[in-house]
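For the protein sequence lines, the chains are A, B and C, in the order given.
Going by this note's numbering, the letters in the first sequence line up with residues 72 to 313, in that order.
Going by this note's numbering, the letters in the second sequence line up with residues 72 to 313, in that order.
Going by this note's numbering, the letters in the third sequence line up with residues 72 to 313, in that order.
If you are wondering where the hints come from, they were derived from the structure by calculation, not from laboratory data.
Honestly, I wouldn't trust all of these hints.
Pairs involving identical chains hold if they fit within one copy or between any two copies, as the list cannot separate such chains.
Claimed, not checked - Heads up, simulated BS3-like pairs for lysine-lysine below, C-alpha to C-alpha not over 27 Å straight-line:
(1) K214 with K187
(2) K224 with K214
(3) K274 with K222
(4) K311 with K214
(5) K311 with K222
(6) K187 with K222
(7) K224 with K311
(8) K224 with K274
(9) K274 with K187
(10) K187 with K224
(11) K214 with K274
(12) K274 with K311
None of these values were measured; they are calculated from a predicted model.
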Amino acid sequence: MIVLFTDFGADDLYVGQVKAVLAQTAPAVPVIDLLHSAPNFDIESSAHLLAALYQQFSPGSVFFAVVDPGVGGPRESVVMVADGYWFVGPDNGLMSVIAARAQATRLWRITWQPEKLSPSFHGRDLFAPIAAWIAAGQFPADKLAESDGLKVKSNAADSQRIIYIDHYGNCMTSLRSAGVDSDAVMQVAGRAVRRGNAFCEAKLSEAFWYENSVGLVEIAVNQGSAAQSLGLQVGSVITKQK
Amino acid sequence: MIVLFTDFGADDLYVGQVKAVLAQTAPAVPVIDLLHSAPNFDIESSAHLLAALYQQFSPGSVFFAVVDPGVGGPRESVVMVADGYWFVGPDNGLMSVIAARAQATRLWRITWQPEKLSPSFHGRDLFAPIAAWIAAGQFPADKLAESDGLKVKSNAADSQRIIYIDHYGNCMTSLRSAGVDSDAVMQVAGRAVRRGNAFCEAKLSEAFWYENSVGLVEIAVNQGSAAQSLGLQVGSVITKQK
Amino acid sequence: MIVLFTDFGADDLYVGQVKAVLAQTAPAVPVIDLLHSAPNFDIESSAHLLAALYQQFSPGSVFFAVVDPGVGGPRESVVMVADGYWFVGPDNGLMSVIAARAQATRLWRITWQPEKLSPSFHGRDLFAPIAAWIAAGQFPADKLAESDGLKVKSNAADSQRIIYIDHYGNCMTSLRSAGVDSDAVMQVAGRAVRRGNAFCEAKLSEAFWYENSVGLVEIAVNQGSAAQSLGLQVGSVITKQK
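My request is simple: use the sequences and hints to build the entire structure.
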């Protein structure tokens with residue numbers, strides 16, 4: 072299975088072109104769109120988001136992971152396997168949270184240059200064929216060179232930032248709830264926000280935090296938009312009080 | 072075939088996680104996204120919308136139907152078969168319009184609790200595996216208990232409300248046009264709106280109503296947005312004058 | 072393979088209904104969403120966009136190409152094959168840029184009328200089954216009449232208009248960069264815009280033009296929105312100075 076994680080936009084014209092390459096190269100491999108609205112150009116948020124999401128898929132899945140503001144520049148291109156999951160994309164920090172937390176990783180630099188390589192769309196011309204070959208079981212060893220590790224390593228520690236806002240207005244942080252006491256109080260936009268157990272229990276329009284479905288602390292308002300009512304955006308900082 | 076009807080957002084991170092479960096459980100079954108922008112939390116509008124849409128698919132299709140503001144709370148989870156179509160989702164009114172209009176229905180409550188069940192994402196953890204088993208022909212009888220009928224029944228009669236606004240700005244009502252005279256005049260936002268036969272016949276920027284492609288009365292403006300020009304939103308009331 | 076190119080909206084309720092028909096008629100044929108956010112009702116922009124994109128797919132692909140403000144009116148419905156690529160949709164100019172540039176084309180008018188034909192959704196009722204039959208290798212000769220050529224021919228010459236704005240705010244023109252000197256200066260919204268080679272080379276927030284990944288001149292700002300910072304929209308005119 073190939074899983075797509077990008078900031079290409081689900082209703083924009085890039086994903087279809089990637090899928091054309093995947094279908095030509097690995098027609099029998101299913102493709103799932105995980106997310107195309109990763110925060111634009113925001114490598115750090117995207118790295119934490121991908122780290123929270125990838126284990127929803129089966130080991131052996133190949134992630135086409137492309138949030139790539141430096142496309143066409145000197146950043147390198149890599150293939151990484153981490154605890155049985157494959158990742159293909161830029162070496163710009165996007166895979167670094169996963170790498171830092173994994174038990175075991177191997178890394179290859181992509182040395183291959185395709186005949187046609189648009190400087191602005193390595194996703195289509197470089198990463199898509201590599202991902203397709205791997206997913207089809209044709210590991211392209213002649214196009215890769217094994218390497219020690221990622222060059223760009225972003226901070227893999229939990230931060231206290233909003234990394235994603237869903238269309239309901241729920242605000243996801245990179246704070247893993249496993250390490251947070253259930254009576255912790257979050258300071259969000261000047262307010263003290265307490266834990267709620269489920270949407271149905273929270274009073275309408277009262278902000279609460281909860282462990283979301285991928286194990287992160289998320290700020291929410293029942294049947295309302297936490298982003299709007301608290302004025303939050305991707306990058307906003309929250310503080311754990313106790 | 073599995074058909075997805077949700078308010079999860081087409082470009083958000085929920086649908087991909089549902090598809091991961093479907094692909095793992097029923098890899099050979101095709102999945103079609105019918106709609107992921109059902110009006111957020113709006114069970115009544117969604118119930119009428121789903122009732123208007125499902126017969127575009129073949130009998131035997133399994134609908135993953137999840138608009139679920141009470142997720143994690145006391146509302147129950149059900150499987151319904153109505154005139155040969157299958158529905159999996161919450162018993163919160165979402166299936167009740169279909170149930171009320173169907174010739175024959177059978178209903179089961181989901182008694183199974185998966186090992187991992189996120190209180191905020193029953194779609195992924197509970198409804199997706201059940202839908203996948205049914206679509207794959209492995210009816211999970213041991214995880215279900217047959218039941219008399221839905222507990223939550225919303226009003227199945229046609230209402231005169233806007234239930235959906237498409238991206239062009241066309242405003243769909245829950246009024247089935249089969250029961251409406253072709254010379255009926257609709258009172259919409261203080262204006263009298265008459266029937267038009269097709270977009271090409273209407274004068275540019277004049278509002279008209281017509282029978283849309285799923286049999287509902289829809290308010291439209293040729294090559295323009297009826298929602299904008301008339302100030303309509305989901306929930307706005309229209310009145311049939313004669 | 073069937074490729075979808077429409078202005079139906081990726082998160083709206085139309086694409087799923089089209090896919091239901093395709094799945095029923097040609098279940099073994101893969102379907103790729105190329106674009107559902109072609110500029111609403113804007114045939115000329117869409118025609119240039121489709122002409123720039125279709126060769127990213129393999130010959131033999133069948134394009135379901137529907138931007139159709141005159142649906143239900145007197146415009147005709149056609150099947151065109153151009154240099155090995157198939158197109159199914161309205162004869163309203165949408166295919167005319169491809170037709171004008173192709174080495175060889177053949178054209179058929181659709182004479183078939185399906186039993187159920189919604190005046191507002193020929194995409195689902197007329198074009199989808201025709202596209203599916205062709206893609207499945209069952210050319211529906213009895214439903215078509217060969218014809219000399221398209222009736223509606225829009226201007227196939229490169230224009231100097233913005234035809235598409237992506238979600239980053241990059242502004243695509245219909246000007247093919249192959250015919251533009253690399254030292255050409257574009258006059259855009261009162262500013263002189265020079266060529267940049269890649270996003271990574273441009274100073275942040277400085278507008279530049281470049282050859283985009285489908286061979287068109289595109290106005291961009293590194294890690295920012297050219298549309299916003301220059302006040303551009305689809306239809307805005309740019310001028311090549313030298």
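So, going through the hints one by one against the coordinates:
When the C-alpha separation of K214 and K187 is checked against a cutoff of 27 Å, the pair qualifies only within one copy, where the shortest distance is 15 Å, while the shortest distance between copies is 40 Å. Taking identical chains as interchangeable, the C-alpha atoms of K224 and K214 lie at most 27 Å apart only when both belong to the same chain, with a minimum of 24 Å there against 46 Å between chains. Taking the closest pair of Cα atoms, K274 and K222 come within 27 Å of each other only across two copies (23 Å); inside a single copy the shortest separation is 47 Å, beyond that limit. Taking CA atoms no more than 27 Å apart as the test, K311 paired with K214 passes in neither setting, with 46 Å inside one copy and 41 Å between copies.
Neither within a single protomer nor between protomers do K311 and K222 lie at most 27 Å apart by alpha-carbon distance, with minima of 31 Å and 41 Å respectively. In this assembly of identical chains, K187 and K222 lie within 27 Å of each other by CA distance solely inside one copy; the values are 26 Å within and 36 Å between copies. When the C-alpha separation of K224 and K311 is checked against a cutoff of 27 Å, the pair qualifies only within one copy, where the shortest distance is 25 Å, while the shortest distance between copies is 43 Å. Taking CA atoms no more than 27 Å apart as the test, K224 paired with K274 passes between copies only; the shortest distance there is 24 Å, against 41 Å inside one copy.
Proximity of K274 and K187 under a CA criterion of 27 Å is satisfied inter-copy only: 26 Å between copies versus 56 Å inside one chain copy. Taking identical chains as interchangeable, the C-alpha atoms of K187 and K224 are never at most 27 Å apart, the minima being 29 Å within one chain and 32 Å between chains. Taking the closest pair of Cα atoms, K214 and K274 never come within 27 Å of each other, the shortest separation being 56 Å inside a single copy and 32 Å across copies. In the homo-oligomer, the alpha carbons of K274 and K311 lie at most 27 Å apart inside one protomer (22 Å), although the nearest pairing across protomers, at 37 Å, exceeds that limit.
The structure fails to meet hints 4, 5, 10, 11 from the earlier list, while all remaining hints are met.
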